[in-house]
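Going down the list, the sequences are from chains A and B. 1 is the number of the first residue of the first sequence in full-length UniProt numbering; add one for each residue after it. 1 is the number of the first residue of the second sequence in full-length UniProt numbering; add one for each residue after it.
Hint data in this document are derived by calculation from the structure and do not stem from the laboratory. Hints are not guaranteed to be accurate.
[Stated by the list, open to error] In silico DSS-like links for lysine-lysine, alpha-carbon gap of 30 Å or less:
#1 A:519 / A:463
#2 A:142 / B:142
#3 B:142 / A:519
#4 B:463 / A:142
#5 B:463 / A:463
#6 B:463 / A:111
#7 B:463 / B:519
#8 B:142 / A:463
Number of protein chains: 2
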Amino acid sequence: MDIRDRHPNLAEWNDLIEGSLADPDSEPILNLDPDDPDPLYDAIFVGGGAGGRFGAAYMRAMGGRPLIIDAWPFLGGSCPHQACVPHHLFSEAAEELDRMRWFSDELFFPKFDASRASILELVRLFLAGRASAHAFMNWQTKEQLDVSYVLNARATLVDPRTVRAGGRTFRARNLVLGTGARPLTPDVPGLDLHGVYDFVSVVEELDYEPTRCVVIGGSKVAMEYGSFFHATGCDTTIVSRSPVMRSSSLHHVDEDLRAYVVGGMRERGMDILEGAEPVAVHGAAGSVRGVTVRLASGEEREIETDMVFLGLGERPETTEAQAVLGIDVGPTGRVVVDHHMRTTTPNVYAIGDLIGGPMEMFKARKSGVTAARNIMGEDLEFDFSEYPDFLHTTYEVSWVGLTEAEAREACDEVIVIQMPPYVEGLDTQHLPLPCAEGTMLYAFSRPRLSGFQKLVVDGTTRKVLGAHHCGYGAKDAFQYLDHLIHRPEGLTVDELGWMNELFLNPEHFVQLSRLRAGKSTLTHL
Amino acid sequence: MDIRDRHPNLAEWNDLIEGSLADPDSEPILNLDPDDPDPLYDAIFVGGGAGGRFGAAYMRAMGGRPLIIDAWPFLGGSCPHQACVPHHLFSEAAEELDRMRWFSDELFFPKFDASRASILELVRLFLAGRASAHAFMNWQTKEQLDVSYVLNARATLVDPRTVRAGGRTFRARNLVLGTGARPLTPDVPGLDLHGVYDFVSVVEELDYEPTRCVVIGGSKVAMEYGSFFHATGCDTTIVSRSPVMRSSSLHHVDEDLRAYVVGGMRERGMDILEGAEPVAVHGAAGSVRGVTVRLASGEEREIETDMVFLGLGERPETTEAQAVLGIDVGPTGRVVVDHHMRTTTPNVYAIGDLIGGPMEMFKARKSGVTAARNIMGEDLEFDFSEYPDFLHTTYEVSWVGLTEAEAREACDEVIVIQMPPYVEGLDTQHLPLPCAEGTMLYAFSRPRLSGFQKLVVDGTTRKVLGAHHCGYGAKDAFQYLDHLIHRPEGLTVDELGWMNELFLNPEHFVQLSRLRAGKSTLTHL
């Protein structure tokens with residue numbers, strides 16, 4: 001279907017996408033220049049997810065000539081279809097359900113009715129609405145970003161300059177591979193039973209309401225989905241080989257932050273088994289009935305459950321790219337690239353979840369942009385070894401820079417500024433600090449639930465080394481804190497303390513810093 | 001009561017403060033150096049609110065010798081007692097009630113029961129907990145900040161170097177006046193009736209559950225408290241001489257932002273009468289029963305109500321300071337100071353809500369710090385003519401820098417990057433963008449409620465001129481955006497677009513900028 005001269009509005013795009021998704025025989029969607037039927041593109045972006053879409057848009061903005069090819073009938077990739085967007089919807093529901101439980105039959109909150117809370121219903125809410133974001137991205141990429149694309153057509157790699165899709169052949173000076181990753185599956189018997197899901201299949205395939213869940217894994221996805229399931233009233237057990245929030249995929253997790261976050265999950269009744277691993281998933285009549293887990297002690301435990309959720313990370317699928325293009329792949333399955341996003345094969349770049357580093361949006365998009373800018377003649381390196389990070393439980397948890405322990409390794413003098421305050425022995429259990437948007441109701445009735453925040457400072461240079469927050473409303477700020485503390489001159493407590501706070505602000509770093517900024521020798525607060 | 005050698009914990013402080021507030025004959029609380037009974041302080045801070053406490057703490061940190069005197073038995077001033085803290089608690093309740101109404105009997109939300117929502121109950125929740133923040137500030141100021149103070153003792157000004165309080169005389173090289181402001185009362189008959197409140201008396205005196213409310217005023221306090229009352233089910237009418245959100249006390253309010261925010265209030269059923277003013281408040285049996293309002297048309301309307309809320313701004317009480325110290329006061333009642341916070345009387349400074357500019361926390365605290373640093377020998381100017389700002393309805397609304405209209409006045413070429421996108425005629429009414437923490441549930445069921453955001457950019461210099469947001473979770477970020485866009489070198493779209501977003505972030509400025517950063521000639525998005 002050639003839509004170059006059509007300009008579907010959002011509702012029309014929505015219908016076109018829904019229709020294409022529902023019909024396996026639906027035809028490719030072509031947004032190509034009819035006046036130039038066989039152009040040599042500057043780059044073909046194989047995969048129009050976050051990295052491909054942003055990379056292609058940047059290249060086009062620079063005057064270059066990109067083409068995106070994607071197997072799905074929409075741009076944006078897995079994020080709005082199966083990953084970040086449903087996760088955020090579910091996490092917001094978890095936050096809300098959590099509040100409604102704590103305040104059950106108090107104030108304006110009615111008695112909490114767990115029978116109303118349904119994982120399946122929230123999945124269906126997501127499914128009914130997800131194409132609207134797809135529609136917007138297809139519309140925007142065509143009408144505002146002026147990028148050519150072929151959607152609903154799987155790309156077949158021919159050589160480093162040639163790709164086939166939708167029965168046509170496309171040629172380019174470069175290829176940019178951005179086909180993403182898929183959830184990992186552990187080597188445990190019973191995973192073929194009905195009732196075993198990962199973050200993709202839980203959205204695509206869930207067809208009943210689980211009452212108990214065993215989550216395998218201890219990193220972000222496991223914590224986030226586990227917290228959501230548990231908040232709906234689905235009793236959740238997390239089975240994690242490493243301590244949760246301390247896997248190798250998460251860097252800079254401060255121990256006090258971790259203790260607050262994981263303690264909060266346990267306080268809400270989640271069973272968290274660390275140092276444990278699944279031995280087998282058992283079923284009856286084709287469906288999950290239980291999991292055998294080997295505990296840290298070596299003892300085995302049977303856990304009854306009607307759902308198993310795999311939250312073990314992801315791995316890219318690179319077989320075709322390796323075979324056809326000869327690109328190198330590292331030991332964990334990620335495509336090897338340099339700081340320009342160049343693979344080991346000339347004129348072939350790789351971006352997003354295909355390459356190493358965090359499988360996060362900033363890296364996906366900026367790696368796409370980096371590839372585009374280098375193809376267009378810039379000499380630009382993208383180093384994603386340092387970045388801000390976050391996860392959700394029933395809270396929003398954000399962090400950037402060094403932990404207190406890392407700072408003590410790196411500096412002579414480390415100063416900590418935090419809430420509740422950095423003192424021993426004070427009766428802070430009823431102290432409603434921190435409090436801010438999102439934790440005010442907690443602050444006035446269950447102060448211990450109102451969050452935690454910590455700023456880590458080099459006592460000698462006075463520079464902020466790290467910031468750590470559990471609560472709500474600070475995530476956006478951490479984007480800018482990351483920029484400020486990682487810029488060459490850094491950010492001192494004195495500069496931070498002279499900023500204009502918007503009180504009550506979710507993190508109190510500006511004003512707390514001001515209370516110490518006057519001291520020539522900094523001390524804890 | 002001399003507590004210098006006592007170290008009350010938070011619970012003990014709480015009891016001491018509650019006891020002092022309850023007993024009009026309670027004695028002063030003295031935290032003074034017993035070894036130096038008659039010192040010459042560097043400054044006496046008359047008023048230990050935000051400005052006095054931060055100023056004194058900074059002075060002490062610099063090695064100076066401050067004394068705080070306050071009539072209340074706690075430090076922190078009106079903010080945690082009657083102003084910002086209850087306001088934020090009420091605004092959070094309003095956000096939550098709003099969500100529970102929209103989702104009544106949908107998903108996990110039960111049928112909304114307006115009879116459970118009570119202004120009085122939330123006021124009582126606040127009253128029961130407010131001393132815990134007071135306790136913390138008294139504890140922190142003594143134990144962590146090492147500042148001397150006399151509390152629960154009204155200061156009497158003697159001369160620019162002498163103050164009496166609690167039966168003792170204190171001397172200093174300088175005075176720093178920080179006694180704050182009190183809500184304004186309009187010249188309308190009937191305000192002595194039971195049922196007329198301002199933000200102070202609604203906390204201190206409310207003793208029944210209002211069912212209808214007329215709010216007089218159109219600026220922050222009126223919008224915030226009006227939105228809260230209305231969210232509880234108390235039908236609210238706002239009577240404002242100027243268009244709401246467009247009073248002279250609010251600068252840089254973008255018209256599109258205003259339209260979204262005020263439209264949202266109206267959509268929720270609030271009656272907003274602009275160009276209108278109250279003529280008289282009527283009562284029966286000593287209590288409010290109605291308000292006569294003169295409408296913009298000149299016509300008079302009777303509004304039945306059992307509550308009137310005055311949200312008209314505040315004015316400092318300066319009679320004593322003018323009479324004793326001879327300081328000058330400007331036409332609006334604010335103490336005249338220079339950029340050093342010096343009044344027209346030598347060695348007398350004024351800070352916080354006593355002086356001009358916004359009655360906001362950043363100005364209060366930083367003006368206190370400015371006075372302290374100048375007294376300690378620095379030459380420091382504090383210019384608060386530019387600052388980020390915010391207010392609450394059932395949303396959190398944040399803004400900084402120029403509006404689109406202001407930018408068009410100032411620049412040749414203005415570029416707007418916003419969500420929903422800056423285009424005419426697109427069917428965006430079902431577009432769930434922006435969406436982020438706090439608006440995900442709306443995004444998937446009532447997309448038009450998911451917020452608004454706009455970035456205003458100089459198309460020539462590529463610098464960000466202003467940012468405007470309605471939603472949740474962006475307020476904290478605006479502290480840093482303010483710093484970045486107002487620093488001498490400013491912030492370009494290109495720098496912003498190279499930051500590391502934490503996706504889904506409440507404001508999408510980083511990634512939206514990135515979609516345009518590649519273009520040598522910027523265009524709207």
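Hints violated by the structure (numbers, ascending):
Hint check: 2, 6 fail, others pass.
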